[in-house]
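Colleague: Residue-level listing of the chains:
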Amino acid sequence: VHPQRVVQLDYSEVMLNLKEREPALLKMHADACAIPLAAEQFGAVVGFLVDPFLGLQSLHEAFRMLVPGGRLFLTTPTAIWGTTLRRGLVIDERATRFKKVDGESKVVLPSLLHPPERIHEMLAIAGFIEVEVLDHGLATGETTISPDISAVAKELKRDVSAIPIIHSIRATRPQAAPER
Amino acid sequence: MKAAFYKALKAIGITTQRRFRLSLRLVALAVGLVAGFWMSVSIQVLDIDSALKWLGWVAAAATVEFVVADVLAEVSFPYDTERKLALLEKRLGRTVIKTIASRLEQAIQDLRGCDASLVSATVHVITDLNATADQRVRYGLLQLTEYVGREGGRKGRITLTTQGIIGRCARTRKLETVDFADADDYRESMVRDFGFSREETERHSTLGRSYLAFPLMHSDRIVGVLYFFTREPQVFPLAVDPRRLKELADEVVRYLALAELI
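Going down the list, the sequences are from chains A and H.
For the first sequence, this note's numbering gives the first residue as 1, with consecutive numbering after it.
For the second sequence, this note's numbering gives the first residue as 1001, with consecutive numbering after it.
Calculated directly from the structure, the hints in this document are not laboratory data.
Using N, Cα and C, we set each Cβ at its ideal position, and we do this for glycine too.
One or more hints might be untrue.
As the list claims (entries may be wrong) - Taking lysine to aspartate or glutamate and the EDC-like style, the derived pairs with C-alpha atoms no more than 20 Å apart in a straight line are:
no., chain 1, residue 1, chain 2, residue 2
1, A, Lys106, H, Glu1188
2, A, Lys106, A, Asp148
3, A, Lys154, A, Glu93
4, A, Lys106, H, Asp1184
To be verified - Quick list of simulated restraints, FRET-style, between CB atoms:
no., chain 1, residue 1, chain 2, residue 2, range
5, H, Ser1197, A, Val108, 23 to 33 Å
6, H, Asp1241, A, Leu134, 45 to 55 Å
7, H, Glu1188, A, Lys27, 42 to 52 Å
8, A, Ser146, H, Leu1072, 43 to 53 Å
9, H, Glu1202, A, Arg118, 25 to 35 Å
10, A, Pro115, H, Lys1007, 38 to 48 Å
11, A, Val108, H, Arg1198, 16 to 26 Å
12, H, Ser1117, A, Ile91, 12 to 22 Å
Stated by the list, open to error - Selected chain H positions facing chain A (in silico; Cβ < 7 Å):
no., residue
13, Gly1113
14, Arg1168
15, Gln1234
16, Leu1238
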């Protein structure tokens, strides 16, 4: 996709201004739950690791942004992996922690993990059709494995490659307005 | 912490001011008797240090029995609130209150696209509060039922119509919803947008992330508010079927009307 057709949106001004970020026509500092743009302007809405704001309102906004027939593509950590890990670490199940660049301090951010059936339900409520929620894990034979994954595999008594770690989500805004 | 305290009291059958005060006095009396006994033993064996220590316990028990018990009882179970609630419960009847609670439970189960186990709900009814110094009657919202669902908050709480999302709903007479990103966002918003002081906000639970208040209308008059909240963000209003919410509100209003409360 040509950068002149891309609008980037992030709640974090720092993330938005990272030098390594892909080029785009416009960078918007805004909340995915209340996007300050007119409806039906985009052919696709794409989000990577959207767990900090994955909920009914953000999906409703994504639906609003899309033209009829537009596609939604998201990735998010799976509930089975994330929730098991957080329970093991005895931390809030609806928050996650990131190490800062200095490697010492940590930031805690909201992280909403939903089981696949609830993701389906939420997308249906938002009005999407042709919903697919796919599981992705480690490749078989992978040797460099994070302890955050091996600990969960041990807890669930499964092989590390059998643990779904990430969901990819695809959905479509129908051509005709759905009955809401 | 506070909710856990009242939940523990409820578990042992202490649900009224009278029982709370009586229990505190009984405990203080028992402590006083034991301390008095050991104080007399200590005096008989001329162990003055121990006798003075037991005297301290006797004094503390007497203070709890005659002063602290009254103060704590009044703070924990305000008499005026309890009287109003008792009157409401008497006129509605326990069966109707249980029916309202079961309808709220059903409404929680009917929510879509969210974790229903994280949702709590209750009903608040408009009530007149004591007149202020300038003789004006203030109106407040009295929590009619204990929270149905996850949280264990107790009935009888009074909220001014100038405060909170339920107060806003009582003023606008429209569906009101609000979402908070985290506990800090909640605290800021309570002070900035919802009429609470910082001190009052510090006493609130900050676990809720998505809130809904729906007016209970009788003709063109507001008589109460349906109140839902959950620990999950972005739930309200999208998780609610507006038609079912209206039906629930109408049903609760019918119960209040039958009890001649409105």
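Colleague: Checking each numbered hint in turn, tell me which of them this model violates, lowest number first.
Modeller: Hints 1, 6, 7, 10, 14 are the ones this structure does not satisfy, whereas the remaining hints hold.
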